[in-house]
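*Asks:* Spelled out from the first residue to the last, the chains are:
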Amino acid sequence: MHDLGGMPGFGPVERDLDEPVFHETWEGRIFGILQELAPKGLLEPYGLRAAIESLDSPQYLESSYYERWLLVIEKSLLEKGWLGEQELRSRAAQLRSRSEGEPTPPVDAGLRDRTLHMLLSRDSPHREIGISPRFHVGDTIIVRKTRPPRHTRLPKYTRGKRGEIVKYYGVHDFHDVPSEGRALGPQPVYNVRFEARELWGDIAESNQSVHLDMWESYLGPA
Amino acid sequence: MSADHSHSHSSSHKSDPALRTRALESLLVEKGLLSSEAVDALTQAYEQDIGPLNGAQVVARAWVDPDYKKRLLQNGTEAIAELGFSGREGSEIVVLESTSSVHNMVVCTLCSCYPWPVLGLPPNWYKSNAYRSRAVLEPRKVLKEFGLDLDDSVDIKVWDSTADIRYMVLPQRPEGTEHLSEAELVPLVTRDAMIGVAKVRPVGG
Chain A
1 MHDLGGMPGF GPVERDLDEP VFHETWEGRI FGILQELAPK GLLEPYGLRA
51 AIESLDSPQY LESSYYERWL LVIEKSLLEK GWLGEQELRS RAAQLRSRSE
101 GEPTPPVDAG LRDRTLHMLL SRDSPHREIG ISPRFHVGDT IIVRKTRPPR
151 HTRLPKYTRG KRGEIVKYYG VHDFHDVPSE GRALGPQPVY NVRFEARELW
201 GDIAESNQSV HLDMWESYLG PA
Chain B
223 MSADHSHSHS SSHKSDPALR TRALESLLVE KGLLSSEAVD ALTQAYEQDI
273 GPLNGAQVVA RAWVDPDYKK RLLQNGTEAI AELGFSGREG SEIVVLESTS
323 SVHNMVVCTL CSCYPWPVLG LPPNWYKSNA YRSRAVLEPR KVLKEFGLDL
373 DDSVDIKVWD STADIRYMVL PQRPEGTEHL SEAELVPLVT RDAMIGVAKV
423 RPVGG
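Chains as they are written, first to last, in this note's numbering: chain A, 1 to 222; chain B, 223 to 427.
Pulled out of the complex, with its shape left as it was, chain B reads as follows (with noise of 0.2 Å):
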């Protein structure tokens, strides 16, 4: 396909991004292409319903329970959809446990692959150039400037999404938090440790 096809967008595509939008918007509505109610359902649904609690669920339920564990690393999607969570972008997800000794990061160096169901849609800054062309060039000085500071002696490993399994971390449980219920732990798991971008601190840490 040629590239002509871009000059005849070239002048509007710097303008108004919402008002294209609501013009696009509009007119499918009224020619019967598009339900607005259904685009309000799917944007309340990233914006509400999937996020990145689900995925810190079951990080805590692997913390506590150490079958559970063991079955999430065995077949992630599977132990993942026991407790509710699959589907769109998500419908093979691997868990990657990170140790004192083994460090794990996710990346999508080609565009922005995340596993929906546990961690809903991702962050800026993980579809950024910046992150997608230096996390698997150079994750220790990223993770530096994250204020995640590795020893040498840790291996990272760094990976790629780009097929069509999504990665998830099962981050380390922190020190002092054996005294914790499963409820209690969910908060303490952050979107960014299931990335593989920081640590879960121990509580007041």
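Bound-form chain A, shown alone (with noise of 0.2 Å):
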């Protein structure tokens, strides 16, 4: 239900102009919590993607965006024991007869560079490892149509369709989980050009294309 792209029937995207960071507060602290427990495992093994479009259709489309990370921290939560269902239960109807207290004040200024510290150290997604790139800049390649695994970052519209390479990333790490057996590990990754005629056909818009950042095992040769 996540894999939207090229998807018809939604109408005109609604936006607010100016709107805050986060609309509630607990959408806030949702995110905040989610940033604190996921180093410390709590969405392990497959991460917060996976976890998302494992939500059922229904869930998925009624929810808010921080209404499905609310209910993949709680399911995680209670999965991996961390806490119990009852006692969620009892702390929500304590807290229902209970205002919701002060906004918070600015926190003191160690703990905000700390803060920013961490979110600013850098990392990098590619991986030295001697793997040659199959493709090269300015091959035609087409999607594989593989039988989709449980956790793919490969969109549903591209599937079977003729693109072209446009550069060359280097090796990632790969994320998706398949349905069975052992995950693959890193490899090469393209961004892949692909005229919207190709994608759409006659309902395609002019002088368009959509480039994606592809891993090998989703590409063939043409």
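Straight line, CA to CA, 25 Å or less: simulated DSS-like cross-link-like pairs of lysine-lysine:
id: 1; chain 1: B; residue 1: 379; chain 2: B; residue 2: 363
id: 2; chain 1: B; residue 1: 379; chain 2: B; residue 2: 292
id: 3; chain 1: A; residue 1: 75; chain 2: B; residue 2: 349
id: 4; chain 1: B; residue 1: 363; chain 2: A; residue 2: 156
id: 5; chain 1: B; residue 1: 379; chain 2: B; residue 2: 349
id: 6; chain 1: A; residue 1: 80; chain 2: A; residue 2: 40
id: 7; chain 1: A; residue 1: 161; chain 2: A; residue 2: 145
id: 8; chain 1: B; residue 1: 292; chain 2: A; residue 2: 167
id: 9; chain 1: A; residue 1: 161; chain 2: B; residue 2: 363
id: 10; chain 1: B; residue 1: 421; chain 2: B; residue 2: 349
id: 11; chain 1: A; residue 1: 167; chain 2: A; residue 2: 145
id: 12; chain 1: A; residue 1: 156; chain 2: A; residue 2: 167
id: 13; chain 1: B; residue 1: 291; chain 2: B; residue 2: 379
id: 14; chain 1: B; residue 1: 379; chain 2: A; residue 2: 167
id: 15; chain 1: B; residue 1: 292; chain 2: B; residue 2: 421
id: 16; chain 1: B; residue 1: 291; chain 2: B; residue 2: 421
id: 17; chain 1: B; residue 1: 253; chain 2: A; residue 2: 80
id: 18; chain 1: B; residue 1: 379; chain 2: A; residue 2: 161
id: 19; chain 1: B; residue 1: 253; chain 2: A; residue 2: 40
id: 20; chain 1: B; residue 1: 349; chain 2: B; residue 2: 363
id: 21; chain 1: B; residue 1: 291; chain 2: A; residue 2: 167
id: 22; chain 1: A; residue 1: 156; chain 2: B; residue 2: 349
id: 23; chain 1: B; residue 1: 253; chain 2: A; residue 2: 75
id: 24; chain 1: B; residue 1: 363; chain 2: B; residue 2: 421
id: 25; chain 1: A; residue 1: 145; chain 2: A; residue 2: 156
id: 26; chain 1: B; residue 1: 379; chain 2: B; residue 2: 366
id: 27; chain 1: A; residue 1: 40; chain 2: A; residue 2: 75
id: 28; chain 1: B; residue 1: 366; chain 2: B; residue 2: 421
id: 29; chain 1: B; residue 1: 366; chain 2: B; residue 2: 349
id: 30; chain 1: B; residue 1: 379; chain 2: B; residue 2: 421
id: 31; chain 1: A; residue 1: 156; chain 2: B; residue 2: 379
Derived CB-CB ranges, DEER-like:
id: 32; chain 1: A; residue 1: 10; chain 2: B; residue 2: 275; range: 26 to 34 Å
id: 33; chain 1: B; residue 1: 289; chain 2: A; residue 2: 149; range: 43 to 51 Å
id: 34; chain 1: B; residue 1: 237; chain 2: A; residue 2: 160; range: 37 to 45 Å
Everything labelled a hint here was simulated from the structure, so no lab data went into it.
Don't be surprised by glycine CBs; every beta carbon is placed ideally from N, CA and C.
Assembly of the complex is requested from the two constituent chains, each provided in isolation within its own frame, with the hints serving as guidance.
*Replies:* Shown next as structure tokens:
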């Protein structure tokens, strides 16, 4: 349900012209809670995206963005035994009658600096592994139509389509989770360009292309 | 994993998210699994310190300094880090130059991938089902709804952030800004222009 690229039927994009970063206090709390608990393993082994994708379709479509996060956090806390269902219910019942309390004051400068330092610290998606890329800039490829794995970063709208390699990014970690068997290790990643007409046929707008970043196992030679 | 787990929560999934959040936060704090202050610091970081002003500074620098622009287009991550911006959800950032003949637009159809170090957290519309589905399918129509009517001769490139690379648009410098200093250019650069759903308006325009 999350694989929405090209899906028809959605109307105008609704926008608030001046929206706050978090529309509700609880959204900010959920954001922060996830940032804190993810490094402690809450969403292991498959991570946040795979967890959200495993929500059933009605839950996915009916929930707002941060409601999906809340759902997967609750699920993971219970499944991992970090919290119990009964205690969550009782606590919610206790808090129901209590007001939310004052907005939180700014944190002290030391904590602010340490937090920023942590958020700014650099990582790289590159893996220095001696794998030669199979494809090169300018090659035409066709996106493979394999059985969809449990979690993938390959949008359905590209399956079976012809595209052109426009950039090689090097070897990156591969995050797909197979439905069975072991996950594949790091692979070459390419930026691939698809003409709109190739993707959408006659309804395609003029002079348009879509670029996607694709791991090598998504691609086959033309 | 079976779908059974979802049923035990279906009774609660429509109930008050604020209450559910307060309940789990207070229990996690009691059990020593979470510090509320750490959560405060994280929300405040993205409310106050990490936002589109970062990206606007990158764009203004590129507009006034041709060597910086060259470095930015060659290796976005390093050039952006020169200004002190880096880290989470931006381990590799590619900067896309829009011109009068090529217009770049960024989306994440699968979820909400977005270059946090330069733009902060994404707005709701970027994460909406409508934008995610339509940006790749009919970008011209979407841009028109956003108030940007591009001639048919303009090449539109839509970048779907499917891997770990994050994208930011370097919008065109508007006409009539030649006399402005770098600092004066910064406030002109909007978040929407750096996502690619708007152009930067000229001063007074």
